[in-house]
Amino acid sequence: MNEKELENRIAGARPSVSEGDQTEEAAGARARSLLRAEIAQASERHRPVRRRRLVLRGALAFALVAAVVLIGLDLGLPGGGSKNGLPPATAATLKQFANLVAGAPDEPLQAGQYYYLRTVSGTGLKALKASAGGYSNAAAEELWIGSDGSGRVLAAGGFDERYNPRKPIPLLRFQGVDLDYQGLLALPTDPKALLRWLERQTKGDGPEAQDTQLAMIAELLGRAPAPPKLRAALYRLIDGFSGVKAEGRIRDPLGRVGIGFKRHMDGCKLQPEATCDWEIILDQKTGGWLASRRFLSNGGPNWQATVETGIVGSVSARP
Amino acid sequence: MMKRIRERGGDAELVARSCSEPGLFEPLFERHFTAVYRYLRRRVGDASAEELAAETFLQAFAGRERYRPHSSRSALPWLFGIATNLMLEQARRQERQARAYDRVAVMVERSADGDRAGDRLIAAEEARRIVAVISVLPEAQREVLLLHAWADLTSEEIGEALAIPAATARSRLSRARAAVAAVLIEDEATADAVEEET
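Protein chains in written order, with numbering that gives the first Met the number 0: chain V, 0 to 318; chain D, 0 to 197.
Since the hints were derived computationally from the structure, they do not count as laboratory data. Where is the CB? At the ideal position from N, CA and C, for every residue including glycine. One or more of the hints may lead you astray.
So these bits of chain D aren't anywhere near chain V, every CB distance computed over 10 Å [to be verified]:
1) G9
2) A11
3) A15
4) T33
Computed footprint of chain D on chain V, listed as stretches where at least three residues anywhere in the stretch have a Cβ under 8 Å from a Cβ of chain D [said to hold, decoys possible]:
5) 7-21
6) 30-42
Let's have the full structure, built from the sequences with the hints guiding it.
Given below as structure tokens:
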């Protein structure tokens with residue numbers, strides 16, 4: 000088989016789409032309308048009005064001062080530096096959140112109980128609220144995780160996958176990592192031992208190992224029913240990664256106010272030259288999980304936010 | 000190919016000027032939306048394609064100040080790069096990549112002379128087989144192959160889209176083709192053996 004013939008056969012496997020049909024026209028119209036709204040906003044910002052600039056400068060200076068004062072007051076941050084070289088606010092905030100979540104009651108799932116999780120995920124900086132109460136620009140997903148490995152994943156677009164003890168629901172969506180609920184309970188709650196476990200899972204990832212470890216931490220915090228002590232250990236572990244910085248108060252994609260932690264990451268699997276940023280957003284009062292975001296240099300943020308969690312009695316029940 | 004590049008020669012200028020005159024980004028949308036949308040439609044189906052295509056242009060607009068034109072001066076590779084990232088992220092999130100491929104595999108293009116049911120069945124079977132092989136290729140190879148075969152990008156343009164050197168794109172393309180060819184040759188050998196037995 001020569002190269003040309005092979006090319007033709009691969010191109011021939013290209014699925015057909017109806018060109019210029021109503022679906023295409025409607026998609027174009029909606030996308031154009033969204034883009035025009037962005038263009039209109041940007042055009043407004045580009046108006047060169049001297050007075051407006053002065054007002055903006057004043058507002059920015061006030062916001063900076065207010066942010067510093069508020070973060071310091073609200074979190075009661077101690078002084079002094081971190082052994083990891085992180086800004087004091089980052090280490091202290093993570094420690095404070097670790098202590099908060101460690102004190103929560105530890106209630107492992109009993110037989111017949113399921114941990115229910117509803118998330119929305121999407122691209123762009125935020126989800127756009129729809130009048131029906133849902134979100135646009137976001138895909139919903141529901142998970143039911145049982146103590147014996149049984150469970151269910153129900154996602155937009157008709158995706159409905161059931162799991163059983165022989166085919167347990169995976170808590171970490173990384174190739175080559177099998178972690179079910181019992182495996183989760185068995186994870187070490189000592190940060191150093193937990194880091195060694197993560198290092199074993201990312202062996203062979205080379206310079207990207209730390210990036211993958213942080214992605215796994217976000218998944219354990221945001222998707223798995225991690226017990227309080229494990230959750231606290233994960234927060235303490237984040238403190239050990241150089242470059243993680245507290246961002247202060249930010250809004251998650253659903254508009255909720257939380258404390259953000261961000262780390263600039265060099266490289267991601269598909270684009271070695273590209274940069275990705277890792278970001279998690281935690282509830283500022285409870286230290287609980289709100290959302291995670293990844294930023295690609297060649298594209299914008301991709302995010303996942305937790306909407307609801309609870310304990311239910313079956314894979315069709317909701318809290 | 001040269002003709003296509005010349006026709007798109009104004010992309011870089013439009014993007015650059017849109018930084019101070021945002022309205023100039025709209026002609027870029029009119030020029031490239033269809034190509035990006037159709038590629039996404041083939042990869043992920045109608046429902047996701049609309050959202051991803053819209054987001055591709057929103058993100059391109061938001062990041063237009065970071066855009067650096069490459070040799071082709073066309074913005075299409077840049078847009079395909081953003082679309083690819085969005086698509087991969089979505090697929091990872093929803094664990095549905097394999098299903099998406101299954102879905103598109105059945106929508107095989109009917110060839111002009113393939114009216115006979117038997118021919119169509121064989122063509123569909125081969126397409127399904129090729130798509131199945133492509134779906135298990137390493138992600139980096141798969142994206143290069145599909146941007147070339149389904150979006151008609153050159154190695155240089157794929158390099159721009161995925162932020163990799165053109166030489167890397169060529170070597171990934173070569174490895175991907177070899178993998179597909181190996182499976183097709185094996186299939187044909189098996190079919191020949193069965194035919195001889197009967």
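Right, here's what the structure says about each hint:
Residue placement check: D:G9 keeps its beta carbon more than 10 Å from all beta carbons of chain V (closest about 18 Å). Non-interface call for D:A11 relative to chain V: holds, since the shortest CB-CB distance, roughly 16 Å, exceeds 10 Å. With a closest Cβ-Cβ approach of about 14 Å to chain V, D:A15 is found to remain outside the 10 Å limit, as its non-interface label requires. Listed as a non-interface residue, D:T33 fails to keep its Cβ farther than 10 Å from every Cβ of chain V; the least gap is roughly 7 Å.
Given a C-beta distance limit of less than 8 Å, the hint that chain D covers the segment 7-21 of chain V holds, as 10 residues qualify and 3 suffice. For the segment 30-42 of chain V, the stated coverage by chain D is satisfied: 9 residues place a CB nearer than 8 Å to a CB of that chain, which reaches the threshold of 3.
Hint compliance for this structure: hint 4 is the single one not met.
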